Structures are given as C-alpha cells and as structure tokens.
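S.K.: Using the hints, position chain F against chain W.
Residue numbers (the numbering used here), protein chains in the order written: chain W, 94 to 279; chain F, 4 to 363.
Since the hints were made in silico from the structure, they are not lab data. A few of these clues could be false.
[Claimed, not checked] Computed list of lysine-lysine pairs in BS3-like fashion (alpha-carbon distance at most 25 Å, straight line):
#1 Lys-49(F) x Lys-197(W)
#2 Lys-323(F) x Lys-197(W)
#3 Lys-27(F) x Lys-197(W)
Keep in mind it's a predicted model, so treat the numbers as computed, not measured.
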Amino acid sequence: MDLSLSPHAIAMTAKEFQEMAKDMVLGLARNPMLKKPIDGLTAPIWAWGQRNAIYPLHFGVACCALEMAAASACRWDAERLGMIYRSSPRQSDVLLVNGWISQKLRPSLRRLYEQMPEPKWVVAMGECAISGGPWYDAYNVIQGLDTFIPVDIYIPGCPPRPEAMIDGFMKLNRKITAEQKGTFLD
Amino acid sequence: MTEMWVNMGPQHPMTHGLWNLRVKIDGEIITDATPVIGYLHRGWEKMVEARDFKQIIPLADRLCYGSSLTWSHLYVRTIEELMDVDVPERAQWIRVITLEMQRISSHLMWLAAVGTDLGSYTIFLYCMRERELFLDLMTNLTGARMTYNYVRIGGVRNDLPPNFERDTLRVLKLFEERMKEYEALCDRTTSFRVRMEDVGMLTPADAMNLGVTGPNMRGSKIDFDIRRDDPYETYDQVDFEVCVEDTCDSFARYRVRMREMEVSCDIIRQALKKLRDGPVRVKAPNNAPSGSAFFHVEDPRGEGLMYAIGDGTNQPYRLKVRSPIFVSVSATPVMLIGEKMADVPAIMGSIDMCLGETDR
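One chain only, chain W, in its complex shape (with noise of 0.2 Å):
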C-alpha cells in the first residue's frame, strides 16, 4: 500500500473508499499463498450449493426425452433431487442430451452446450448419444456426443428407466462433491 496517498484516502468518497478496499482485499486474496487455503476452505461450500440444484436444459431430443419427462412427474419426481428444468441454456448447469444427433443438429447443439457458463456438466443419456445406438450405419447421424462435446455421465440403456437417469444424476453429483471446481476468488 502506498502511504504517500494518505491524504487522498481520507478525501474520497465512500463508492472510491469501498473499491479500494476491495481492490485491496482481492489483491490479498488471490496471493497465490492465500488462494489455496480460502480455496480449500470454501470450495466444499460451493459444490454443496451446486450439487443440490443441478438444473438441467429442458431439451427433448428423442425417444428418452419421454423417460426425462416421466422422471420429473409423480412417481419419481426428479424435483425433490434439486433437477428443475430450465428453458433457457444461460440458466442451465446440465446439458442433458437425451437421443441421437444428427448431422444438422450437431451446430446447434455445440452452440447451447457453449452458451451454458461455467461450471457445466454434460450428460449422455442413452445409448444413440453414448456411442450412436441402433444407428450405428446410418449416414446421417453422429456416432456418439463426446465426439464433439465432454461427456461427464453416461446412461446406458435404450431407453434407460427413470431410475437409471435419476442414478446417473446421483453420480453427477459425486462428481461435482468430488472435483470441487468453483471457487468464490474467480
């Protein structure tokens, strides 16, 4: 801190005084000393936050976007998980992709999995978006989502019960507890 300023600190206002001081403090912070400690300090906080409201985008593609919607009604209800669907990509944390993506959905599909903003979290639900499915020969299909997304979850099945995706969300939330991204310094 330079201390020839002294003068002027005491003349500012109160908006110049709280920037400083949070300059101040970030700077202190995000020391590379002090980021690792806060960081393991608070990041518990933030994947529990994050693991216990995955919203995924409300996106039906095929045949397991009925086993999407059946999960999220009365007799498994998705909801009380914390997986609310949401329409919009900038308000979503879970590319869930749930059918077989064809060469012309394949630019609009990169395009919403790079509009979500970090932390994302993609999840290949089926096995036409694991690896292509029954349509292993066909011309016009992707042969597996991680060819131009990074998958973290994979449900097989065809399609595979509500169970089975509401287990791979668990899964996804291992994952989130377990690699700890956020981080309140960024």
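M.R.: Okay, now just chain F, sitting in the frame of chain W:
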C-alpha cells in the same frame, strides 16, 4: 410496423421434439409460417435395407416413441401382407388390446405436453400418473416401458401374463373415474378454453386438401377412421364410435382425443371379452417373395402407411414410410396465419407432433 421472422426452435419449450418453427410476425399477428424439420433424420428407410426382416422390428419401435407399438405393428402387418402370413385369432385380439393401450398412453402423453404448454402443470402431473398405469400393464406384458419389441411376424412374442385381464379392468375403471377429473380441469376451466377455442382453424376442405389425417382431421368434421372404414386385425368385430367434432379449432382436436381415450377403454373391454384360447404365433418364412405390399393403420396421430418391396431375400428391397405428422405439419401455415404469436403453443400443441416418424 416492420415485419420480422422469429425462430421457435430447435431448442424451445414449445417444440415437443426437435423442429424449428419460423414465424413472420407483424406486431403480434402472424403473417407467415414455415416449419423446418429434419433435425432427427437418420436415414431410416435407407438403413433398414441392410437389415433382415426380424431386425427391423425394434427399429420400427423407435420410429415414433410416443406410440411405438403402433409402428412396429404397422411394419409387421406390411411384411405379413408381403409374405402372405395368416395370424392366429388370439394374437389379433392381443394386438388390438395393446394397440388401444398404446393409443391411450400416447394421447395422455400428448395431453401432458399440451398442459405444460398452456401453463397448467397439474394436467402434466395427472396425465403422467395415469400413463404410468398403462405403462405398468405393458411392462408386465412385454418387459419394456416404451419400446416394446412385442409384435412378431406371424403373431406376438408371448401370451398374456397371469391376471392380465383383472389388472387391465382395474386400471380401466380407475382411469375412467379420473377422466372426469381431467374434464373438470380442462373443459370446465375458463383459462383452458379461452386458450384453445377459436384458434388454429382448419376447415374441412383444407384438411382434406392438405392430407391431414387422424384426430386432427376428425376435429375438422370429417368422419373417417381406418379402424372402421378399412378394418384390420379384428376391429370389424368390435363395436365402437368414431369421434368427430365440428368446431374445427384446437379445442375440437383436444375433444376428439379425449373421447378417443374413452372409446379405447371400451374397445379393450370388448376385446378382453372376446379373447379365446389358442396359439399366439405361427412360424413365418425368413425370405419374402418378390413383389410389393402396403398396409395402413390408424396411428394415434393419423394414418400411418408402409410400402414394402421384397426381392426374394431376407431383406426388404425398399421400405417406404408415410408419416401422418409429416403431412399434418404442412398444414401449419394454414392454421397459424392470422393468429396471434401467443397462440402458437396452443395451435402447434394440438396437432401432436412426433418428430421421430416425421424425419425418419
């Protein structure tokens, strides 16, 4: 006011399935509309030319996932026409029962989707609750929830499980009681009727000229149902009513589907009464003779038709699919032009899109 194009899709809460509706709006009024489909195209017709006849049955299930059994049944009937196979009577009755169950669960899925479109999440929850009952019956019978792989060339895969009739009658009784709740929730609610009535007008002449079939056509005052007018399986031994409404709007199409669910319950009851013991499957040849065959059925969404050409091998030379929604979606501009932007979900929801069969 300047006009502008608005893209609704491919990722949009209104599109059930994956398609893109481009509408041109002048203020709030739609002046032009273009449906863009093809996002789910996987070359089904070309792909099945490299599969043998038995391998195509599960792929036909995945043509339309809302009513998968109808499509595998349509495929199997086409190949039976081609191979000239006679199906035992018990298998035909079982097919009628499963087809009608599939029709009910498909219509319920449709109503659930329309319910969320119109802002009533309760309708979604109610419909999914009853759909699970029918899916449970089908799971008991076939082992799968959605894509059944149940119909075989020459019959069906297995006989009815024990107590199937008792369970079915229980479910039907429960379902018919709960249909009254739906009617209270939809028909007698102003918010639902205001959204659905007098929007998406499709005149009988337009419906006929554009080739719209199924409940969408019967909502436009045209009395036609393949189950009655060109009966297949044992539909000629069943006494049922063809539901026709004459107001030609979205509400008419909704009413047709609601009444069809009640009629389907009635058909299942009659079929269970007429079910007699007997074999459920006969042996079918592996190879099809040279020649061609076509068959059409009343899908929950309209008239599904398949045309198959055999060339003496165990693979089809050509298999053409006529999808009802591919044709119905061409009526989009007629229904949309002149309506308000906010009515698009109520109109497009009422034609029951299913993109798997549309794009093939």
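S.K.: Now tell me, hint by hint, if it's right for this structure.
M.R.: Going through the hints against the structure:
Taking the CA atoms of Lys-49(F) and Lys-197(W), the gap is near 18 Å; set against the 25 Å cutoff, the hint holds. A C-alpha spacing of about 22 Å is found between Lys-323(F) and Lys-197(W), which places the hinted pair at or below 25 Å, so the restraint holds. Under the criterion of a C-alpha separation no larger than 25 Å, the hint pairing Lys-27(F) with Lys-197(W) is consistent with the structure, at around 23 Å.
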